[in-house]
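Peer 1: Construct the entire structure; sequences and hints are all you get.
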Amino acid sequence: MPPLTLRGITVDFPFTPYPCQKDYMSKVIECLQNKVNGVLESPTGTGKTLCLLCATLGWREYFKDSISARKIAEKMGGAELFPDRPLSSWGTTATDGDVPGMKRQEILFFNHRLCFNYRPKVCVLGSREQLCINQDVMKQESNHVKVHMCRAKVSSRSCVFYNNVDEKSTDKDIMNSILDVEDLVKTGKKERVCPYYLSRSLKQHADIIFMPYNYLLDPKSRRAHNIELKGAVVIFDEAHNVEKMCEESTSFDLTPYDLTSAIDAVDKLLREQAAEVGKGDPSEDFNVESLNSVLICLAEILMDLELAINSFEMPSNNQGITKPGSFIYELFQKAHVNYDTKMAVVEAMEQITGYLAGKPGIFLNTSGLQKVADIIQVSLLCSNCAAFLCLSSVKETVHIHPDTSNFKKKQSADVWASSSVKKQGNVLSYWCFSPGYSMQELLRQEVRCIILTSGTLSPLSSFTYEMHIPFPVCLENPHVIQQDQIFVSIVDKGPDGVQLSTAFDKRWVHLSLAVLNLSRVVPHGLLVFFPSYPVLDKTLEYWRANGHADRIENMKPMFVEPKGKGTFTEVIDGFYDKVNDPKSNGGTFFAVCRGKASEGLDFADTYGRGVIITGLPFPPRMDPRVVLKMQYLDEMCKNKTRNKQYLSGQEWYRQQASRAVNQAIGRVIRHREDYGAIFLCDHRFKYTDARAQLPSWIRPCVRIYDNFGSVVRDAAQFFRVAQKLSQSVSVAGQGGGCLRSAQSHWQSSSSLKAKVLDSHVPSLKKRKLGMIFSHSGRGKTFMLELKKSLSQDSFTKMMHALQVYKATDNLDDLVTKAAELLIQDPNTHSLLRGLYQFIRPHHKKQFDEKCQLLTGQGCGYKPEHSLSREERETLVQQTGKMLKTSEMGASKELDSSKELNQGGSHLGTHNLCGGVSISFVCVKAKQYSQLSCV
Numbered sequence: 003m004p005p006l007t008l009r010g011i012t013v014d015f016p017f018t019p020y021p022c023q024k025d026y027m028s029k030v031i032e033c034l035q036n037k038v039n040g041v042l043e044s045p046t047g048t049g050k051t052l053c054l055l056c057a058t059l060g061w062r063e064y065f066k067d068s069i070s071a072r073k074i075a076e077k078m079g080g081a082e083l084f085p086d087r088p089l090s091s092w093g094t095t096a097t098d099g100d101v102p103g104m105k106r107q108e109i110l111f112f113n114h115r116l117c118f119n120y121r122p123k124v125c126v127l128g129s130r131e132q133l134c135i136n137q138d139v140m141k142q143e144s145n146h147v148k149v150h151m152c153r154a155k156v157s158s159r160s161c162v163f164y165n166n167v168d169e170k171s172t173d174k175d176i177m178n179s180i181l182d183v184e185d186l187v188k189t190g191k192k193e194r195v196c197p198y199y200l201s202r203s204l205k206q207h208a209d210i211i212f213m214p215y216n217y218l219l220d221p222k223s224r225r226a227h228n229i230e231l232k233g234a235v236v237i238f239d240e241a242h243n244v245e246k247m248c249e250e251s252t253s254f255d256l257t258p259y260d261l262t263s264a265i266d267a268v269d270k271l272l273r274e275q276a277a278e279v280g281k282g283d284p285s286e287d288f289n290v291e292s293l294n295s296v297l298i299c300l301a302e303i304l305m306d307l308e309l310a311i312n313s314f315e316m317p318s319n320n321q322g323i324t325k326p327g328s329f330i331y332e333l334f335q336k337a338h339v340n341y342d343t344k345m346a347v348v349e350a351m352e353q354i355t356g357y358l359a360g361k362p363g364i365f366l367n368t369s370g371l372q373k374v375a376d377i378i379q380v381s382l383l384c385s386n387c388a389a390f391l392c393l394s395s396v397k398e399t400v401h402i403h404p405d406t407s408n409f410k411k412k413q414s415a416d417v418w419a420s421s422s423v424k425k426q427g428n429v430l431s432y433w434c435f436s437p438g439y440s441m442q443e444l445l446r447q448e449v450r451c452i453i454l455t456s457g458t459l460s461p462l463s464s465f466t467y468e469m470h471i472p473f474p475v476c477l478e479n480p481h482v483i484q485q486d487q488i489f490v491s492i493v494d495k496g497p498d499g500v501q502l503s504t505a506f507d508k509r510w511v512h513l514s515l516a517v518l519n520l521s522r523v524v525p526h527g528l529l530v531f532f533p534s535y536p537v538l539d540k541t542l543e544y545w546r547a548n549g550h551a552d553r554i555e556n557m558k559p560m561f562v563e564p565k566g567k568g569t570f571t572e573v574i575d576g577f578y579d580k581v582n583d584p585k586s587n588g589g590t591f592f593a594v595c596r597g598k599a600s601e602g603l604d605f606a607d608t609y610g611r612g613v614i615i616t617g618l619p620f621p622p623r624m625d626p627r628v629v630l631k632m633q634y635l636d637e638m639c640k641n642k643t644r645n646k647q648y649l650s651g652q653e654w655y656r657q658q659a660s661r662a663v664n665q666a667i668g669r670v671i672r673h674r675e676d677y678g679a680i681f682l683c684d685h686r687f688k689y690t691d692a693r694a695q696l697p698s699w700i701r702p703c704v705r706i707y708d709n710f711g712s713v714v715r716d717a718a719q720f721f722r723v724a725q726k727l728s729q730s731v732s733v734a735g736q737g738g739g740c741l742r743s744a745q746s747h748w749q750s751s752s753s754l755k756a757k758v759l760d761s762h763v764p765s766l767k768k769r770k771l772g773m774i775f776s777h778s779g780r781g782k783t784f785m786l787e788l789k790k791s792l793s794q795d796s797f798t799k800m801m802h803a804l805q806v807y808k809a810t811d812n813l814d815d816l817v818t819k820a821a822e823l824l825i826q827d828p829n830t831h832s833l834l835r836g837l838y839q840f841i842r843p844h845h846k847k848q849f850d851e852k853c854q855l856l857t858g859q860g861c862g863y864k865p866e867h868s869l870s871r872e873e874r875e876t877l878v879q880q881t882g883k884m885l886k887t888s889e890m891g892a893s894k895e896l897d898s899s900k901e902l903n904q905g906g907s908h909l910g911t912h913n914l915c916g917g918v919s920i921s922f923v924c925v926k927a928k929q930y931s932q933l934s935c936v
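Count the sequence shown with our numbering and you get residues 3 to 936, in order.
In case anyone wonders, no lab produced these hints; they're calculated from the structure.
Check each hint, because a few of them may be wrong.
[Claimed, not checked] With a straight-line cut-off of 25 Å between C-alpha atoms, the simulated DMTMM-like cross-links for lysine to aspartate or glutamate are:
1. K191 x E131
2. K246 x E63
3. K864 x D795
4. K66 x E230
5. K270 x E230
6. K123 x E32
7. K123 x D209
8. K585 x E601
9. K192 x D220
10. K246 x D815
11. K37 x D67
12. K598 x E637
13. K37 x E63
14. K688 x D708
15. K24 x D14
16. K270 x E193
17. K246 x E352
18. K540 x D498
19. K123 x E193
20. K123 x E143
21. K565 x D552
Peer 2: The structure is reproduced here in structure tokens:
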């Protein structure tokens with residue numbers, strides 16, 4: 003593939019780019035060149051991450067060249083290196099004030115996939131839990147114990163893997179390799195070098211650094227990993243979660259369990275030291291008097307903090323009390339912790355935690371002590387940073403509420419917990435409601451630019467408002483697929499005519515009937531997303547108790563997304579195996595919006611032919627954090643300053659549901675040749691504001707249905723057409739020539755081997771499909787002339803347009819696409835009129851009028867050209883002339899209350915003849931008898 007030039011930058015892209023990919027890379031380069039922030043949305047399947055990497059790496063090569071040119075020019079005393087190309091023509095990078103002192107332009111990526119066309123120096127940062135290979139450390143159950151044990155081994159140089167880091171970090175093979183987390187672990191085991199510290203060493207020479215969000219957004223993690231941001235390009239891939247991560251990085255919840263376990267750890271250590279002093283064998287690690295003094299002081303601080311939190315009387319509704327963000331100062335002051343004393347307190351806690359972690363044998367539970375230390379650091383990070391603690395008009399950021407957790411359950415899960423944790427108390431919550439704080443903090447670090455990108459950022463306007471930083475560059479990309487590869491329906495009512503909703507009294511029977519019937523129509527894999535785990539659990543519980551689950555199971559075996567991580571891989575592998583089983587009808591995967599299955603899991607091709615959304619996944623309306631967030635936004639709207647825009651609380655609330663829906667429906671289309679159906683099974687999707695927040699590439703395809711039978715009918719037809727369009731289309735021509743449709747490669751090789759739709763839809767008895775060939779000499783001549791006059795690409799597009807017209811009966815689409823190809827050149831106007839012979843009778847007059855308008859000449863329309871089949875048969879009998887006919891049948895509207903159980907003539911038969919081979923759909927009538935509504 004020859005290099006691509008965009009905005010003066012040469013980009014090495016491995017394929018011929020689609021127009022939307024060029025637009026995307028141009029926007030990325032615009033951000034990098036002009037040092038401005040950007041928010042870029044490009045649907046899944048458009049090669050977003052590949053474009054992102056190629057564009058940034060192409061720009062970086064240009065950046066290095068421009069710096070070299072500037073330095074050479076400086077050594078030449080200001081003389082131009084290339085007289086015909088002044089230094090200014092290299093762009094702003096050659097004259098940037100922040101370039102001196104920079105050895106490289108770092109690009110920081112988050113949530114990565116690696117590119118193969120460029121070979122940059124790459125570093126991937128991960129946690130010890132992911133990268134550590136020291137068995138003594140990894141066998142520890144508590145993560146913070148692993149951290150402190152690792153630090154102890156490193157400081158004493160007792161870890162053989164760490165001792166090899168300096169030598170191996172300069173190994174050329176390792177430095178020049180592109181290693182992900184798994185590769186780092188394999189390399190570490192093979193070379194006997196610590197992957198965790200190796201990655202931190204490689205970071206010093208890396209061109210691109212990949213890391214999780216929190217490593218950048220959390221100031222403590224950023225310092226721990228020594229991440230320097232000045233002049234760096236920061237890119238958040240899969241940024242639809244960045245808002246939540248920004249808020250989480252500056253929020254915390256301190257529970258009674260945390261405080262009591264911290265007190266318990268200090269108390270036990272104090273008793274242990276007292277016992278050792280009594281034996282005359284004090285610890286060598288600490289001065290006894292100093293240690294006891296520190297322990298007593300920490301115990302007092304922790305108990306005072308616990309007393310201060312539990313001193314508040316809770317209202318009768320148990321909803322808790324809220325205070326301004328600055329109240330956190332007052333609360334910690336009661337425990338004698340302030341900005342002046344915090345460093346000493348934190349250091350003492352970390353020293354004790356490290357000491358306990360380094361002791362042999364059974365370790366005390368020090369997680370609570372570590373958490374308190376982290377919270378003190380976060381909440382007292384900056385004494386004069388009002389934006390962090392409490393934006394000027396925020397009145398509720400600290401929330402104290404009764405603890406309702408089950409301590410016995412926690413105790414049984416944690417062998418280190420003592421009996422003291424059974425005490426009931428209050429929870430101290432500090433919640434940051436402005437994700438913009440973390441973004442502004444990045445800008446204060448003098449980054450070059452910030453790029454946020456994902457497949458589901460819509461609506462962009464509200465997303466950028468939340469970030470509170472300017473985004474001069476925005477992009478909402480279209481998809482690379484055709485509209486006939488996606489079927490989007492809003493299903494208002496179920497098979498029994500009852501309105502669909504996830505309301506408590508409506509989600510039981512009616513939804514099960516809708517899922518059952520749609521599972522008969524959707525081939526292979528079907529995904530069903532619920533708003534939350536409680537709704538999913540209660541719905542399945544009712545279905546299983548009343549036999550509804552058995553009926554779905556018999557049609558497509560059911561797989562349910564687990565809440566924990568442990569069994570998820572086992573469940574999803576079982577679903578994949580069932581879909582791949584040629585003896586099976588596929589499988590149904592029940593999952594939750596915002597769950598693991600909706601966040602990037604691959605359901606390409608047959609694994610996800612259909613997605614059902616069972617409701618709008620709004621956040622829990624009475625949750626204190628949600629209530630306070632909405633109140634905060636409403637107050638920001640009332641007191642908004644000039645040039646700053648805020649979402650209202652209600653707008654944010656709706657946005658959260660829409661973004662979760664958009665992420666879930668993104669599972670259905672994973673690449674250019676994929677196709678699938680989306681069923682929005684909730685009447686609220688009919689409202690304009692709900693549809694407006696769907697992705698831009700989906701909105702034009704949305705159809706609203708009041709009748710469930712119509713949904714089934716159109717969905718069945720869609721899958722029939724999609725399967726035919728995914729195969730090669732032969733065109734009869736002189737000499738037996740054969741052409742392929744532009745969409746002939748929709749399906750992967752595995753999909754092509756799959757059974758046809760008949761085996762997956764037992765309720766639909768279909769007559770065999772076949773190509774229709776015309777032996778008309780005029781038709782052959784026209785097709786040859788059309789092929790001769792157009793380029794191969796244009797001719798393929800024209801064939802595809804005709805094929806879609808035969809399948810959808812949409813004349814406007816055909817005329818639009820044909821006009822794009824044939825109107826520009828007056829010599830091809832006759833070819834547009836020549837399409838008249840392939841137009842159906844009821845469209846003949848309309849097509850003739852459009853040609854008259856577009857070319858100034860009609861097609862010779864006569865009234866008899868619009869005769870129906872019956873009229874032409876009568877005419878044949880009267881005149882004795884044998885006319886070739888094409889069967890026309892109108893799809894009869896399906897009445898779900900009458901037809902779904904009894905069968906009915908709800909799908910007509912379409913047989914069309916023409917001079918070109920065009921695939922089409924035939925569905926035999928009266929064959930929906932197995933669709934259920936009881």
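Peer 1: Please go over all the hints and tell whether each is borne out by the structure.
Peer 2: Hint check results:
Under the criterion of a C-alpha separation no larger than 25 Å, the hint pairing K191 with E131 is consistent with the structure, at around 15 Å. Restraint check for K246 and E63: not satisfied, since their Cα atoms lie roughly 34 Å apart, outside the 25 Å limit. Our distance criterion of 25 Å between C-alpha atoms is broken by K864 and D795, whose separation comes to about 34 Å. With a CA separation close to 19 Å, the supplied pair K66 and E230 stays within the 25 Å bound.
Between K270 and E230 the alpha-carbon distance is near 40 Å, which puts this suggested pair outside the 25 Å criterion. At most 25 Å may separate the alpha-carbon atoms for a hinted pair to count; K123 and E32 meet this at roughly 24 Å. For the suggested pair K123 and D209, the alpha carbons sit about 5 Å apart, so the restraint of at most 25 Å is met. A hinted pair counts as satisfied when its Cα atoms are at most 25 Å apart, and K585 with E601 does not qualify at roughly 30 Å.
A C-alpha spacing of about 33 Å is found between K192 and D220, which places the hinted pair above 25 Å, so the restraint is violated. Between K246 and D815 the CA atoms are separated by roughly 42 Å; this puts the pair beyond 25 Å, and the hint is violated. With a C-alpha separation of about 18 Å, the suggested pair K37 and D67 falls inside the 25 Å cut-off, and the hint holds. Pair hint K598 plus E637 does not hold up; C-alpha atoms about 34 Å apart against a cutoff of 25 Å.
As the CA atoms of K37 and E63 are separated by approximately 16 Å, the hinted pair is consistent with the 25 Å bound. Of the pairs offered as hints, the one joining K688 and D708 holds, with about 10 Å between alpha carbons and a cut-off of 25 Å not exceeded. For the hint linking K24 to D14, the alpha-carbon distance of about 12 Å falls within 25 Å, and the restraint holds. For the given pair, K270 sits about 41 Å from E193 by alpha-carbon distance, which is inconsistent with the 25 Å threshold.
For the hint linking K246 to E352, the alpha-carbon distance of about 28 Å lies beyond 25 Å, and the restraint is violated. The suggested pairing of K540 with D498 holds, with an alpha-carbon distance near 22 Å, which does not exceed 25 Å. In summary, the hint linking K123 to E193 is supported, as the alpha carbons are separated by about 20 Å, within the 25 Å threshold. At most 25 Å may separate the alpha-carbon atoms for a hinted pair to count; K123 and E143 exceed this at roughly 34 Å.
For the hint pairing K565 with D552, the CA-to-CA distance comes to about 22 Å; that is within 25 Å, so the pair holds.
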